[in-house]
Amino acid sequence: MYTKKVISHFKNPHNQGKIKDADAIGEAGNPVCGDVMKIYLKMAKNKKGEEIIKDVKFETLGCAAAIAVSSALTDLVKGKTIKEALKITKDQIVKDLGGLPAPKIHCSMLGVEALHEAIKNYKKEHSNKT
Amino acid sequence: MKKIYLDHSATTPVDPKVLKEMLPYFTQKFGNASSIHGFGQEALAGADRAREQVANFLNCETGEIVFTSGATESNNLAVRGFIKALQKNKANQNKKFHIITSLVEHDAILEPCMELEKNGIEVTYLPVKSNGVVDINKFEKSIKDNTVLISVMYVNSEVGSIQPIREMGKIIKKINEKRLKDWQRLSAKDRGEKPQKIYFHTDATQAVNFLNCDTKYLHVDMLSLSGHKIYGPKGIGALFVKNETPLAAMQLGGHQEKNMRSGTLNVVGIVGLGKAISMLDKKNVEKNNKKIAALRDMLVLGIKKNIPDVVLNTDRANATPSHAHFSFLDVEGESSLISLDLEGIAVSTGSACASGSLKASHVLLAMGIKVEVAHNSVRFTLGKNNTAEEIRKTIKVLPPIIKRLREMNPLYKN
Chain A
396 MYTKKVISHF
406 KNPHNQGKIK
416 DADAIGEAGN
426 PVCGDVMKIY
436 LKMAKNKKGE
446 EIIKDVKFET
456 LGCAAAIAVS
466 SALTDLVKGK
476 TIKEALKITK
486 DQIVKDLGGL
496 PAPKIHCSML
506 GVEALHEAIK
516 NYKKEHSNKT
Chain B
21 MKKIYLDHSA
31 TTPVDPKVLK
41 EMLPYFTQKF
51 GNASSIHGFG
61 QEALAGADRA
71 REQVANFLNC
81 ETGEIVFTSG
91 ATESNNLAVR
101 GFIKALQKNK
111 ANQNKKFHII
121 TSLVEHDAIL
131 EPCMELEKNG
141 IEVTYLPVKS
151 NGVVDINKFE
161 KSIKDNTVLI
171 SVMYVNSEVG
181 SIQPIREMGK
191 IIKKINEKRL
201 KDWQRLSAKD
211 RGEKPQKIYF
221 HTDATQAVNF
231 LNCDTKYLHV
241 DMLSLSGHKI
251 YGPKGIGALF
261 VKNETPLAAM
271 QLGGHQEKNM
281 RSGTLNVVGI
291 VGLGKAISML
301 DKKNVEKNNK
311 KIAALRDMLV
321 LGIKKNIPDV
331 VLNTDRANAT
341 PSHAHFSFLD
351 VEGESSLISL
361 DLEGIAVSTG
371 SACASGSLKA
381 SHVLLAMGIK
391 VEVAHNSVRF
401 TLGKNNTAEE
411 IRKTIKVLPP
421 IIKRLREMNP
431 LYKN
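Protein sequences appear in the order of chains A and B.
Under this note's numbering, the first residue of the first sequence is numbered 396, with each subsequent residue one higher.
Under this note's numbering, the first residue of the second sequence is numbered 21, with each subsequent residue one higher.
Hints listed in this document are in silico derivations from the structure and should not be mistaken for laboratory results.
Because the structure is a prediction, the values reported are computed rather than measured.
Mixed in with the good hints there might be a few duds.
Label-pair restraints from in silico Cβ distances [as the list claims (entries may be wrong)]:
id, chain 1, residue 1, chain 2, residue 2, range
1, A, Lys-415, B, Lys-310, 52 to 58 Å
2, A, Gly-494, B, Met-21, 22 to 28 Å
3, A, Ala-497, B, Leu-200, 52 to 58 Å
4, A, Gly-474, B, Met-21, 46 to 52 Å
5, A, Lys-519, B, Arg-336, 51 to 57 Å
6, A, His-409, B, Ala-314, 39 to 45 Å
7, A, Gly-493, B, Asn-109, 56 to 62 Å
8, B, Gly-388, A, Lys-519, 39 to 45 Å
9, B, Arg-336, A, Lys-473, 46 to 52 Å
10, B, Glu-363, A, Thr-398, 18 to 24 Å
11, B, Arg-336, A, Val-427, 30 to 36 Å
12, A, Val-427, B, Asn-157, 51 to 57 Å
13, B, Lys-310, A, Lys-473, 55 to 61 Å
14, A, Ala-439, B, Ala-408, 53 to 59 Å
A short, non-exhaustive set of chain B residues, derived as facing chain A with CB atoms under 7 Å [what the hints assert, rightly or not]:
id, residue
15, Asn-139
16, Glu-354
17, Ser-355
18, His-395
19, Met-428
20, Pro-430
21, Leu-431
Glycine included, each C-beta is placed from N, C-alpha and C at the ideal position.
Pulled out of the complex, with its shape left as it was, chain A reads as follows (with noise of 0.2 Å):
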């Protein structure tokens, strides 16, 4: 049913935590099968003075696709700016997990809602203090 990959990301999922100092933090649920996923951010500048994700952890309550993207989405953004870090899709997290069963795709987009809620987030405090 799972490929190796999402069974590699369940049993160690990588980034799994929280930063407790974290500059942004996001959370996407999805309301049929219950899953909820919680990304936390932090941020640097690169030597180009862009604003790069440097650190991130996730937690995730849900099935082991949901914690398997959660694991692989971080895993994606980590060192990338913030446009790069936009512009991952769900489809890429599917194709980097070797695929996912056709009723669990659906928990792909969990992981970028998640991102982009962070990222939103980010955003708007960041704007606030400038």
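Chain A is fixed; fit chain B onto it per the hints.
Chain B only, in chain A's frame:
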């Protein structure tokens, strides 16, 4: 890694004695049971013996058994075939029929009922109490003048609750007898047509292993069962159809099974079903029930003792000895299932059929369980080959799995 199977409500392994009985019918006694020559007659003899074994178990006549491909087909035939037969009768053309069933039935009953509803049949879906059992008083009150069929499952596949089939059967019988008597009392000119009898069907798929399925004791007119839930093969089932029960075939063409179910007899499967059911004599059932209940209780105790925030959704006083259905709060059921599977332990999150769906189980919701708690469910169903060692291992493996998944949950507060 030695694997542990705790999903006997989904299916059971074929018992070696059953397999031995089936094997000759693949290559040696392979004839078509409808053929007149020796090959055919040899196959027919095997099917006939199995029919006797099933009839013996159900305490009915061999002519009252219709072999099918499984309980799904049996249920479809019972509900749709029955209504089709009534509708064929010209005298019934303008009548609005009423069916009673329950909210916790298998989809193989619910979906045919919903389809009939679209075609103008009235359907009542009985609610259940918090333990998953239909309230007998509500049941009795739901019976109306135009009720023609009542279909209630004997045992719920998810939580294992046992429905009071015999009590229901007796109530229906009493109503039928009273209606007939009242009609007979009228003078011939006032009588009108004979009152319509209410027929009673039960889906006994999950009950056969554990409970009395004597059709006379239960007072049922139709009963569905399946081979692979009772250590027999997949792809074979039966429908008991009491003599004089109206039933129209849903599948036409070969005239087998007294025209009620066309198709070449699955002799291999039928022989297997017969052997499997013949092994369920009173002594064996009692012995297995006792053994399985002891293991199940050991599992329940071990889980409750070692894991906090657990809800047991199976009401053991009103359930089969096999079921232990839990909600591990704040942990999605499928994640528990996959984690256990990685340790070689097979369980289910509800019914295997429901796993393609993301929605919470309709059975748990009908029992008044909250959606989020329903999503936390894990079903253990034990069988006759499980051992105490397997249960000990399960009790040991589970607590760290639940702990890990809870720690991942952003909503979990410990």
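Evaluated hints:
1. Judged by the Cβ atoms, the range 52 to 58 Å given for Lys-415(A) and Lys-310(B) holds: they are separated by roughly 54 Å.
2. Checked against the given bound of 22 to 28 Å, the beta carbons of Gly-494(A) and Met-21(B), roughly 26 Å apart, stay inside it.
3. Checking the proposed 52 to 58 Å range against Ala-497(A) and Leu-200(B) shows it holds: the Cβ atoms sit about 53 Å from each other.
4. Take Gly-474(A) and Met-21(B): their Cβ atoms lie about 38 Å apart, and the range 46 to 52 Å is violated.
5. The supplied range of 51 to 57 Å is met by Lys-519(A) and Arg-336(B), whose beta-carbon atoms lie about 53 Å from each other.
6. For the pair His-409(A) and Ala-314(B), the beta carbons lie near 43 Å from each other, so the given range of 39 to 45 Å is met.
7. Between Gly-493(A) and Asn-109(B), the C-beta spacing of about 58 Å keeps the proposed range 56 to 62 Å intact.
8. For the hinted restraint 39 to 45 Å between Gly-388(B) and Lys-519(A), the CB-CB distance of approximately 41 Å keeps it satisfied.
9. Distance hint check for Arg-336(B) and Lys-473(A): the Cβ-Cβ separation is about 49 Å, which falls inside the suggested range of 46 to 52 Å.
10. Separation of Glu-363(B) from Thr-398(A) is about 19 Å and conforms to the stated range, judged on CB atoms against 18 to 24 Å.
11. Here the CB-CB span from Arg-336(B) to Val-427(A) is close to 31 Å, well matched to the stated 30 to 36 Å.
12. Hint check: Val-427(A) to Asn-157(B), Cβ distance near 35 Å, so the stated range 51 to 57 Å is violated.
13. A C-beta distance of roughly 57 Å is found between Lys-310(B) and Lys-473(A), which places it inside the suggested range of 55 to 61 Å.
14. At roughly 56 Å, the beta-carbon separation of Ala-439(A) and Ala-408(B) lies within the given 53 to 59 Å, and the hint holds.
15. Residue-level restraint check for Asn-139(B) is violated (minimum Cβ-Cβ distance to chain A is 29 Å; threshold 7 Å).
16. Hint on Glu-354(B) holds. Least Cβ distance to chain A is approximately 4 Å, under the 7 Å limit.
17. The beta carbon of Ser-355(B) is positioned within 7 Å of a beta carbon in chain A (closest approach about 6 Å), and the interface hint is therefore held.
18. The restraint placing His-395(B) at the interface with chain A holds, with a minimum CB-CB distance near 4 Å, inside the 7 Å limit.
19. With 7 Å as the threshold, the beta carbon of Met-428(B) comes within range of chain A, its nearest partner Cβ sitting at about 6 Å, so the hint holds.
20. Hint on Pro-430(B) holds. Least Cβ distance to chain A is approximately 4 Å, under the 7 Å limit.
21. For the restraint placing Leu-431(B) at the interface with chain A, the shortest Cβ-Cβ distance is roughly 6 Å, inside the 7 Å limit, so the hint holds.
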